[in-house]
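Colleague: Next come the chains, spelled out residue by residue.
There are 2 protein chains.
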Amino acid sequence: MVELKQDNYRVETSARHVHLSQKDFTTLFGPSAELAIVKPLTVQGEFKSDKTVTIVGPKRNLERVAVLGPFRQKSQVEISVTDSYTLGVKDVPVRMSGDLQGSAPVTLLGAEGSLSLQEGLIIAQRHLHVNRMDMEKLGLHNGDAVSITVGKMRQATFHNVVVRESNVDFPTVHLDTDEANAAC
Amino acid sequence: MVELKQDNYRVETSARHVHLSQKDFTTLFGPSAELAIVKPLTVQGEFKSDKTVTIVGPKRNLERVAVLGPFRQKSQVEISVTDSYTLGVKDVPVRMSGDLQGSAPVTLLGAEGSLSLQEGLIIAQRHLHVNRMDMEKLGLHNGDAVSITVGKMRQATFHNVVVRESNVDFPTVHLDTDEANAAC
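As they're listed, the protein sequences go chains U and H. In the working numbering, each residue's number is its place in the first sequence (first place is 1) plus 1. In the working numbering, each residue's number is its place in the second sequence (first place is 1) plus 1.
To be clear, the hints were calculated from the coordinates, so they are not data collected in a lab. Given the structure is predicted, the values throughout are model-derived calculations rather than measurements. Heads up, some of the hints might be wrong.
Because identical chains share one entry, a pair is satisfied inside a single copy or across any pair of copies.
[What the hints assert, rightly or not] Using 25 Å as the maximum straight-line C-alpha spacing, the simulated BS3-like pairs for lysine-lysine come out as follows: (1) K153 x K6; (2) K153 x K91; (3) K49 x K60; (4) K49 x K138; (5) K138 x K91; (6) K75 x K153; (7) K138 x K153; (8) K6 x K60; (9) K24 x K60.
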């Protein structure tokens, strides 16, 4: 697996979050609610919204989970392995964003309603957002797997970081909180 | 850094836990309490006991944290980085077990009392327990740092795994829950 040089990317931590379809958003927050931008994210057009939901687990709930925007075609809930233990859910698959078929079921609570999804709960496969120009420059292709090294005293090399063409100004690795907390 | 071959070690996950001095144990559980063995651990002589404590944090508490035995000279509390966020404590140092000088303060609750330690709260540096014979066989020395690779779909290579001479039947890597959950 190609190991990228450390000055070729930056690393961001992606905490648990939710993407919603417009229909599911209305179910959770009511017909008059709007998804307001609180903070733009690194991938152009994506943002942290003013809304949060509760993820309901058989063991415990996770509260105040950020809803990201804009709306997506299908709702999707991204958690860490640690979160799956907190919730008490098993067999949450590791998937790339959007690859939801056969993923785990999940129940959400919003300010105005609740929603049970048959699928949509995933552990996000770590990935590298790269724009088309940088992809050519680095000799990468959409879907390639690369290795990246992060951390200081607890340095780690993560393999199987999946390359994904995105609208970013600089190659950006997204790790989840388990990965970021394991390598710092 | 030397990378060990995967058939030269096994990997165990070490969840948050507490080692207590006999004096601190009495403070927490009363003068008539005894530390009973529930399950022997891989390092010979070490065991999971029948007692648990609560770690008190400024933000939240962590309950039912295992007390390991036997007693130690100084009490020590080992948590993950994720746990430090849950508790709401900052600047918990990454340390090898027993290296407590200048580590973080912590408050514990037991069945019969509470205890505030000026130091003793650490994030355990990942480490490799090896007996003397295997150390010679593998060309390792106490205190060496090695790299080890774990996980399947989310494979990762952890560097700075510190070699520690121990009474184990086979070389055993101890990862914390963040590390184990980041590489599975």
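Colleague: With reference to the structure, classify each hint as holding or not holding.
Modeller: Status of the hints after comparison with the structure:
{"no.": "1", "hint": "K153 x K6", "result": "both (15 Å within a copy, 23 Å between copies)"}
{"no.": "2", "hint": "K153 x K91", "result": "between (32 Å within a copy, 17 Å between copies)"}
{"no.": "3", "hint": "K49 x K60", "result": "between (27 Å within a copy, 24 Å between copies)"}
{"no.": "4", "hint": "K49 x K138", "result": "neither (30 Å within a copy, 53 Å between copies)"}
{"no.": "5", "hint": "K138 x K91", "result": "neither (40 Å within a copy, 40 Å between copies)"}
{"no.": "6", "hint": "K75 x K153", "result": "neither (38 Å within a copy, 28 Å between copies)"}
{"no.": "7", "hint": "K138 x K153", "result": "neither (27 Å within a copy, 29 Å between copies)"}
{"no.": "8", "hint": "K6 x K60", "result": "neither (42 Å within a copy, 38 Å between copies)"}
{"no.": "9", "hint": "K24 x K60", "result": "neither (28 Å within a copy, 36 Å between copies)"}
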